[in-house]
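Novice: The primary structure of each chain is shown beneath.
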Amino acid sequence: MLSGVKHIILVLSGKGGVGKSTVSTQLAITLKESGYKVGLLDVDLCGPSIPYLLNLEEEDVHQCPQGWVPVYADKEQNLAVMSIGFLLKSKNDAVVWRGPKKHAMIKQFLTDVYWQDIDYLIIDTPPGTSDEHITVMENVRTLNCDGAILVTTPQAVAIEDVRKELTFCRKTGIPVLGVIENMSGFECTNIFSSGGGQSLANMAGIPFLGRVPIDPQVAVSREKGHNSLRTPPDSPLSAVFQDIVQIITKPKTGTGDETAVS
Amino acid sequence: MVSPQLLYRIELVRKRLESVKYKILVLSGKGGVGKSTFTSLLARGLAAADSDRNVAILDIDICGPSIPRVMGVLDEQVHQSGSGWSPVYVEDNLCVMSIGFLLSSPDDAIIWRGPKKNGMIRQFLSEVDWGVLDYLVIDTPPGTSDEHLSAAQYLLNAGLTGAIILTTPHEVALLDVRKEIDFCHKVNVPVLGVVENMASFVCPKCKTETAIFPANTGGASKMAVDLGVPFLGSLPLDPRLARSCDEGTSFLIDMPDSPVVLAFNKLLKDGRCQNVLLCKQSHMCHRDKCLDMIQIAAFAVNLETVIDHERGVQRAFTYDDSTCINFTGVVKACEESRNS
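Just so you know, the sequences run in chain order A and B.
Residue numbers are given in my numbering: position 49 of the first sequence equals residue 72, and the series is strictly consecutive.
Residue numbers are given in my numbering: position 116 of the second sequence equals residue 1470, and the series is strictly consecutive.
For the record, the hints were derived by calculation from the structure and aren't laboratory data.
Beta carbons: idealized from backbone N, C-alpha and C, even for Gly.
Listed next, with one range per pair, are the computed distances between beta-carbon atoms: (1) Asp1462/B to Asp135/A: 31 to 39 Å; (2) Gln269/A to Ala1402/B: 49 to 57 Å; (3) Glu1445/B to Glu161/A: 39 to 47 Å; (4) Gly218/A to Glu1445/B: 30 to 38 Å; (5) Ala127/A to Lys1369/B: 31 to 39 Å; (6) Leu166/A to Ala1402/B: 51 to 59 Å; (7) Ser1435/B to Asp116/A: 43 to 51 Å; (8) Asp1462/B to Gln269/A: 29 to 37 Å; (9) Asp1608/B to Asp257/A: 38 to 46 Å; (10) Pro274/A to Asp1462/B: 34 to 42 Å; (11) Ser222/A to Gly1582/B: 41 to 49 Å; (12) Ser1459/B to Glu81/A: 41 to 49 Å; (13) Ile270/A to Lys1369/B: 54 to 62 Å.
Some but not every residue of chain B turned toward chain A, in silico, with C-beta under 7 Å: (14) Gly1383; (15) Ser1420; (16) Leu1529; (17) Asp1536; (18) Pro1593.
To give a feel for the contact side, a few chain A residues facing chain B, derived at Cβ under 8 Å: (19) Gly39; (20) Gly70; (21) Ser153; (22) Asp184; (23) Phe191; (24) Thr212; (25) Asn213.
All chains, full assembly: derive it from the sequences and hints.
Specialist: The structure is reproduced here in structure tokens:
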């Protein structure tokens, strides 16, 4: 399973709507821009957002002898994407499944997708600590799983759920790479306040990866179907993700990591 | 597999909720759009409007319960009595039940697969001693999976009023919310209407208005028209509401001048909302219309199971758990077969 994949990174959050999919896509794009081959797997079966965020809603998945061929977001085939969104007839269709069916689907995503050789596989998850997470965890824990990035917004009500996700990681032995605080502050005021992610990181003794401010332009550019494969290099968003990529691609001492190609 | 045991449990829920007049689900395919916030506003608003009215909130978000914090009852505990679990009271006429009350620490994670979550929801629905209630507002997690199927399965037989669907205006949320409405149609949960949250933001300092989650595809009102479901109204974004939820205070009382409170009160008084909350729309006909072939087939299987059980024959039927059915007819048929 996933034999050609060098690194696996999970994007988790106990809370919904905090930007897990946005963080996953930005991370994948930034890694691709840095010269890596990247796969992006969306295991949110009831609410897949990745196809929309990458403007790939009309794409289909094809079969080849080696398995399912993922959808490529760029011509050079450096960013491969897989989501249940590609398998649905209509985008309004609900996937009304209980746990066992979700488990089987994710298992298929992990075993049957022909990723070929990729440096990083980013796995975007739904909110919670249940079937999807247990299945992914059970399967990747024995592989090259670098760890999980936790996404939160600054309010207490989000932090509370993210603390549960942190417990999930600790109980199941998934290393935590760090916390990203999304929707932090806004121009002259705060909407969801700010600083909550930092204090969570301090309290739990995990790295704080960065703070992404609310920028309605992010939502707008996506909704207009702009080429979402490139973030404007001067935006705060892009700077934060450059930093994050630096942190996660830094070779770990003593492991002889030689995947950096940039 | 539908076992006689499941039918028995469904009947237990019906019995327990007989004393509850209106049962309203708050749903959204998307997370973080304000399901718990709206649930709390609705419950507080309904309870404050009439002190003789009894209102309760049931939080069935098992992995991320937010209601204890939002309602300001974080450190409370649930007690057991002869007649069931006693909910936690926020006001004399407003009580709350959530898995949050059963955890020993806020860091505790519930790492459960579906069946255990379903068991918990069943217990919440059949074992909480609500007393006589006018409104039971049920807050749900995002998605269209175990929690939602279980809630629908148990509540459809217990006289579910219907579901209020929450969304924010941007397309990435609407995408998931359309799926949730499809879910409601598939399992015959009547859609009472759509509420749009975080619609616009007026900066309290510089008074500039910004669309934080821009409605580039027409927002919730257009989606409601497209899908043929009622649109109930929009609530603006007020950072003070987010803070109030973190602190668990009553926003309706503390900030009566907030644009959210003005919009919310207008929404509550609006004719459409009154109809919804007082269940004036007949949804029974809607349910009949939706009874499709799959359900009729499943119905037949269940009826046979029940009757076999009555005769003391144990037979297992394979049954696709992803289709959910309305058991009213099954139980009625079962009673009739018993009487004859």
